[in-house]
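Participant: Each chain is listed here by its residues.
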Amino acid sequence: MEHSAQFNKSIKIVSIKSLVFSTETSTSYVEMTPLKPLSLSAFTLCMRVATELSGEREVILFAYRTREYDELNVWRELDGRLSFYLAGDGVLFSVPGLGPLESHLCVTWDSSSGASAFFMNGRKSVAKIYKKGHTTRPEGKVLLGQDPDSYVGEFDAKQSFVGEISDLNMWDYVLSDTTIKDMASGKRVTTGNIFDWESTRLHIHGAVDVVKREL
Amino acid sequence: MEHSAQFNKSIKIVSIKSLVFSTETSTSYVEMTPLKPLSLSAFTLCMRVATELSGEREVILFAYRTREYDELNVWRELDGRLSFYLAGDGVLFSVPGLGPLESHLCVTWDSSSGASAFFMNGRKSVAKIYKKGHTTRPEGKVLLGQDPDSYVGEFDAKQSFVGEISDLNMWDYVLSDTTIKDMASGKRVTTGNIFDWESTRLHIHGAVDVVKREL
Amino acid sequence: MEHSAQFNKSIKIVSIKSLVFSTETSTSYVEMTPLKPLSLSAFTLCMRVATELSGEREVILFAYRTREYDELNVWRELDGRLSFYLAGDGVLFSVPGLGPLESHLCVTWDSSSGASAFFMNGRKSVAKIYKKGHTTRPEGKVLLGQDPDSYVGEFDAKQSFVGEISDLNMWDYVLSDTTIKDMASGKRVTTGNIFDWESTRLHIHGAVDVVKREL
Numbered sequence: 001m002e003h004s005a006q007f008n009k010s011i012k013i014v015s016i017k018s019l020v021f022s023t024e025t026s027t028s029y030v031e032m033t034p035l036k037p038l039s040l041s042a043f044t045l046c047m048r049v050a051t052e053l054s055g056e057r058e059v060i061l062f063a064y065r066t067r068e069y070d071e072l073n074v075w076r077e078l079d080g081r082l083s084f085y086l087a088g089d090g091v092l093f094s095v096p097g098l099g100p101l102e103s104h105l106c107v108t109w110d111s112s113s114g115a116s117a118f119f120m121n122g123r124k125s126v127a128k129i130y131k132k133g134h135t136t137r138p139e140g141k142v143l144l145g146q147d148p149d150s151y152v153g154e155f156d157a158k159q160s161f162v163g164e165i166s167d168l169n170m171w172d173y174v175l176s177d178t179t180i181k182d183m184a185s186g187k188r189v190t191t192g193n194i195f196d197w198e199s200t201r202l203h204i205h206g207a208v209d210v211v212k213r214e215l
Numbered sequence: 001m002e003h004s005a006q007f008n009k010s011i012k013i014v015s016i017k018s019l020v021f022s023t024e025t026s027t028s029y030v031e032m033t034p035l036k037p038l039s040l041s042a043f044t045l046c047m048r049v050a051t052e053l054s055g056e057r058e059v060i061l062f063a064y065r066t067r068e069y070d071e072l073n074v075w076r077e078l079d080g081r082l083s084f085y086l087a088g089d090g091v092l093f094s095v096p097g098l099g100p101l102e103s104h105l106c107v108t109w110d111s112s113s114g115a116s117a118f119f120m121n122g123r124k125s126v127a128k129i130y131k132k133g134h135t136t137r138p139e140g141k142v143l144l145g146q147d148p149d150s151y152v153g154e155f156d157a158k159q160s161f162v163g164e165i166s167d168l169n170m171w172d173y174v175l176s177d178t179t180i181k182d183m184a185s186g187k188r189v190t191t192g193n194i195f196d197w198e199s200t201r202l203h204i205h206g207a208v209d210v211v212k213r214e215l
Numbered sequence: 001m002e003h004s005a006q007f008n009k010s011i012k013i014v015s016i017k018s019l020v021f022s023t024e025t026s027t028s029y030v031e032m033t034p035l036k037p038l039s040l041s042a043f044t045l046c047m048r049v050a051t052e053l054s055g056e057r058e059v060i061l062f063a064y065r066t067r068e069y070d071e072l073n074v075w076r077e078l079d080g081r082l083s084f085y086l087a088g089d090g091v092l093f094s095v096p097g098l099g100p101l102e103s104h105l106c107v108t109w110d111s112s113s114g115a116s117a118f119f120m121n122g123r124k125s126v127a128k129i130y131k132k133g134h135t136t137r138p139e140g141k142v143l144l145g146q147d148p149d150s151y152v153g154e155f156d157a158k159q160s161f162v163g164e165i166s167d168l169n170m171w172d173y174v175l176s177d178t179t180i181k182d183m184a185s186g187k188r189v190t191t192g193n194i195f196d197w198e199s200t201r202l203h204i205h206g207a208v209d210v211v212k213r214e215l
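Chains as they are written, first to last, in the numbering used here: chain V, 1 to 215; chain P, 1 to 215; chain H, 1 to 215.
Keep in mind that the hints are not guaranteed to be accurate.
Claimed, not checked - Capping the alpha-carbon separation at 25 Å, the derived lysine-lysine pairs in BS3-like fashion look like this:
#, chain 1, residue 1, chain 2, residue 2
1, P, LYS141, V, LYS212
2, H, LYS181, P, LYS187
3, P, LYS158, P, LYS36
4, P, LYS36, P, LYS131
5, H, LYS124, H, LYS141
6, H, LYS158, H, LYS187
7, H, LYS187, V, LYS131
8, V, LYS141, V, LYS131
9, P, LYS141, V, LYS17
10, H, LYS212, V, LYS132
11, V, LYS36, V, LYS141
12, V, LYS158, V, LYS187
13, P, LYS131, P, LYS17
14, V, LYS36, V, LYS132
15, P, LYS17, P, LYS132
16, P, LYS36, P, LYS17
17, H, LYS141, H, LYS36
18, H, LYS212, H, LYS124
19, P, LYS36, P, LYS132
20, H, LYS132, H, LYS36
21, H, LYS17, H, LYS212
22, V, LYS132, V, LYS17
23, H, LYS17, H, LYS141
24, H, LYS124, H, LYS187
25, P, LYS141, P, LYS131
26, H, LYS158, H, LYS141
27, H, LYS141, V, LYS187
28, V, LYS187, H, LYS181
29, V, LYS36, V, LYS158
30, H, LYS141, H, LYS181
31, V, LYS131, H, LYS132
32, V, LYS132, H, LYS17
33, H, LYS212, H, LYS128
34, V, LYS17, P, LYS212
35, V, LYS187, P, LYS187
36, V, LYS212, P, LYS212
These aren't lab readings, by the way, just hints derived from the structure by calculation.
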């Protein structure tokens, strides 16, 4: 009994949802409702992601679109690089590719300096200066699984996400490198103030399975 | 003196058995006796495994068969992917291949959601939905080293295991990701309630060496 | 409130500058002012560095030159090896290459034994004996980003640094392996007595962005 109590104390288990996109479709996606408007002059976006997609294939990882614009898209590019786009041309990073074993992925951006970076399993990429002074527009939709070419619609199966996404959190500021490293190694040090995966509501459309996993 | 005692306390050495299958045969295998019947609606199966087999070669990693059915088989497929089969068609995972350096391998499955995944050295694969609602049948035999095409018999050397297997544990529930990561990094946080490698009885048939190793 | 205080206490955040060299130039560089003259019979030089440069390309990582001599240059060589040069022929180390995800890099040298080594993310290279009895000359200039072929001038774009450098510290003695390992894993155990990145003055020339990052 005491041993068991000891055991439960030292390993705190957190149960979270995980999204499984099993097949390539132009119809399956998940919409997420943010805790505050996405009028952002800085952000940190993190997720755990695994995919068996390989070869020359674009993969959408996160899409935020208002009626008129793609406000914030995160992609794996055709050549395997990771990128994000704020309303126009994007910025690409030669970060070793996503793969079939789960990666902890973050992207950070700060409008005041334009500094942006990817973090793969806690390791930071080269910083790149991108869209200094820009602010994203609020009142759009956040989708996982598909890239909308209009306001929630016109999906292209060849850009869809296939694999598993979980533990997506988003903040309206830039987290410290140490905090990101701690999260990558499994410590639950903070949850997002725009998206908090443990409490966020997921609106499932099409063939997306929601499974539970224990971290 | 005190320093030494301190040292011994912090590094606990566990001595376990390890199975060495030195050559390709259709006759060598090890039978394991479970602690409870394998009537499973969920499981976690872990082992440490190394093999110099390479190229296009099926390799059986774990076989549980009742008189009529292959209930649970774990394979490395011809193309290097890992897979498992519950009484019929299986589910395949593009997990980087087993090799000559020892890997810590786990597979998890939960009937209620159908969620299944492989873990390679603590890193989780894409989850896949498989055999939701299924339960395995009890009163079969568990074999390592050979795939029985009948109830313990009709072995095919070209599917046999060659290499080393140790520290195989099995649970009738799904362990948390953190627990699996801890085991992969060498922490002895829990042992199986179906197979507990430190106490399990091994019935050796043919040319299988049992060696001791210290973890 | 208390939770927040707790949180801030356990994760001490250090804010530092980071240098981003976005494009290949023969004009952009940063000059650093040392805290004491670089008349050195031993040193440890550490930095965090990431670069997307790949293929056959020399990359200057650190240059200290007096009017007449290249006193201390650290390079990535054409073939990817790391090296340093003390006024003449250098010493090369087959250390796995710098890349697009940030590495913590140190180089140590001690004149009395001639022992020198690189450390990549806390892992030590083979030691090599180099320039026993040598001392570097003081009163030169320290540059990041370019290799001067004269006293601050004659830069070659094909040797320039492109990427990000931060957290550069230098000591006039050899740090212990454990201290270097601790720094690589993010602990702020010591800062340099020749260059202390948290307080050093950076003189920017050309297109170098200075961004803030939180460790």
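Participant: Of the numbered hints stated previously, which ones are contradicted by the structure, given in increasing order?
Facilitator: Numbers 1, 3, 5, 6, 7, 9, 12, 13, 15, 18, 22, 27, 29, 30, 31, 33, 34 and 36 - these are the hints that the structure violates, sorted from lowest upward.
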